[in-house]
Amino acid sequence: MSTLVVEERQVVIPGDTLAEGMDFLPGKGAYREGDHILSSRLGLMNVSGRIINVIPLSGRYVPRRDDVVIGFVKDMSYSSWFVDIGYAYEASLSMKDATADFIERGSSLSDYFAVGEIILTRVNNVTKEGNIDLTMKGPGLRKLIGGKILEITSSKVPRVVGKQGSMISLIKDKTGCNIFAGQNGRIWIHGASPEAEKIASDAILLINEKAHTSGLTKKVEEFLAKHALESQK
Amino acid sequence: MKYTKRSDGRKFDECRPMKAEVGVIKNAVGSARFQIGKTIAIAAVYGPKDLFPKFLQKPHTAVLRCNYNMMAFSGSGERVRPGANRRSKEISLVIEKAFEPVLDLSEFPKAVVDVYIELIQTDAGTRCAGICAASLALADAGFDMKDLVCAISCGLVGDQVVVDLDKTEEDFEGGAVDIPIAMLPRTEEITLLQLDGEISKEQLLKAIEAGKEACKKIYEVQKAALRAKYTVEATQ
Chain A
1 MSTLVVEERQ
11 VVIPGDTLAE
21 GMDFLPGKGA
31 YREGDHILSS
41 RLGLMNVSGR
51 IINVIPLSGR
61 YVPRRDDVVI
71 GFVKDMSYSS
81 WFVDIGYAYE
91 ASLSMKDATA
101 DFIERGSSLS
111 DYFAVGEIIL
121 TRVNNVTKEG
131 NIDLTMKGPG
141 LRKLIGGKIL
151 EITSSKVPRV
161 VGKQGSMISL
171 IKDKTGCNIF
181 AGQNGRIWIH
191 GASPEAEKIA
201 SDAILLINEK
211 AHTSGLTKKV
221 EEFLAKHALE
231 SQK
Chain B
1001 MKYTKRSDGR
1011 KFDECRPMKA
1021 EVGVIKNAVG
1031 SARFQIGKTI
1041 AIAAVYGPKD
1051 LFPKFLQKPH
1061 TAVLRCNYNM
1071 MAFSGSGERV
1081 RPGANRRSKE
1091 ISLVIEKAFE
1101 PVLDLSEFPK
1111 AVVDVYIELI
1121 QTDAGTRCAG
1131 ICAASLALAD
1141 AGFDMKDLVC
1151 AISCGLVGDQ
1161 VVVDLDKTEE
1171 DFEGGAVDIP
1181 IAMLPRTEEI
1191 TLLQLDGEIS
1201 KEQLLKAIEA
1211 GKEACKKIYE
1221 VQKAALRAKY
1231 TVEATQ
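Just so you know, the sequences run in chain order A and B.
Residue 46 in my numbering sits at position 46 of the first sequence; the count goes up by one each step and never skips.
Count along the second sequence starting at 1, add 1000, and that's the number in my numbering.
Hints in this document: simulated from the structure, not taken from any laboratory.
Check before you lean on any hint, since a few could be wrong.
Quick list of the computed label-pair ranges, beta carbon to beta carbon [what the hints assert, rightly or not]:
| no. | chain 1 | residue 1 | chain 2 | residue 2 | range |
| --- | --- | --- | --- | --- | --- |
| 1 | A | 78 | B | 1056 | 25 to 31 Å |
| 2 | A | 158 | B | 1027 | 48 to 54 Å |
| 3 | B | 1076 | A | 215 | 45 to 51 Å |
Every residue gets a Cβ at the ideal spot worked out from N, C-alpha and C, and that includes glycine.
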């Protein structure tokens, strides 16, 4: 008979025994030793069916297919761009995936994306060797002009976005800023005034800091109400 | 020479008071501070990132690169000359090796993970404090680890087997033997064992046994520190 040693949604650390018996299978962040399943990561224990996973609470962003991310153009070659998406390796954006335009031979790629520019892009493919292909094909994917970029822990992005985007639209409504949260933890904020951008970024940093607490929406509402009043004075 | 009473009144198998905190450096991917007595180590983890020069890259895994450093003002005596030296390079290397059996970086081929261990205050047992801090920092950075690594110095002061020697004990005029050990607390496998001095086989085995017991106490402190980072936030 197999039993869970740790309750679901509990914080576990490397080396913790998660379950006993052969009925469960180790998934991501877990491994088997004898008839025990142990954690190999700091995170939250999660059981889906027979598989035990540990969801990371910290650490760098690991790209997955179809993630929409914010990248910095770092380098160019004859037929592609190299983009920093906050992962261990630079991702590549090929000419074919970057634009539908016909690009004449010998024309400059920097007319499309130049080194130093910031793009909203989608992960098209991830290989085991760490090669990441990006694409600009999809709704809303474009070069980001103006505004500011904020970096938070990538595992906390879902809290910033909220259920069906509830949290992010709350901040958007109250500050009048245009906000986009990339899955890699980079958040783009573009507002009418620097003050509005400041309030929005402070609200996001508050979420980043208190992502594990309950009643987060209420806290953010209070924060926004307080600071919106201050800026009107 | 007889050693009957420890200078700070501890029992022979008692560690100095320990304190650990995780997430002390905001810009690092993972970080930790570990204090044992007057020895304080801070570890910060950066990466995975590209490794250059290219010939150092490993095709199937990332490389762990440790950097042990004693700060100029850290000692109780003379100023420590800053920068890398023969001693710090060797310690960096043995710390890397101490993590080899637990750390799985195969998710990041050709990359490097940098661990910077800074000793801001020293009173013996620095490499052990460094390993304890680095272990917490690597776990905080979310890397795959089979277990944490705990480390303590044990050994002989005069004719007495003790754990966690401080500087006055290391310099005991009747002679002292310093044995830093690092252990995986769950399986009790030893990943680092060094010895400085002369000791009989029986006393060595006794010292290692005492060190293992002390490592288990350190493990409890480390576990509590990792959990505290998230449970404190949850109760706020």
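Hint check:
{"no.": "1", "hint": "A:78 / B:1056: 25 to 31 Å", "verdict": "holds, 28 Å"}
{"no.": "2", "hint": "A:158 / B:1027: 48 to 54 Å", "verdict": "violated, 23 Å"}
{"no.": "3", "hint": "B:1076 / A:215: 45 to 51 Å", "verdict": "holds, 49 Å"}
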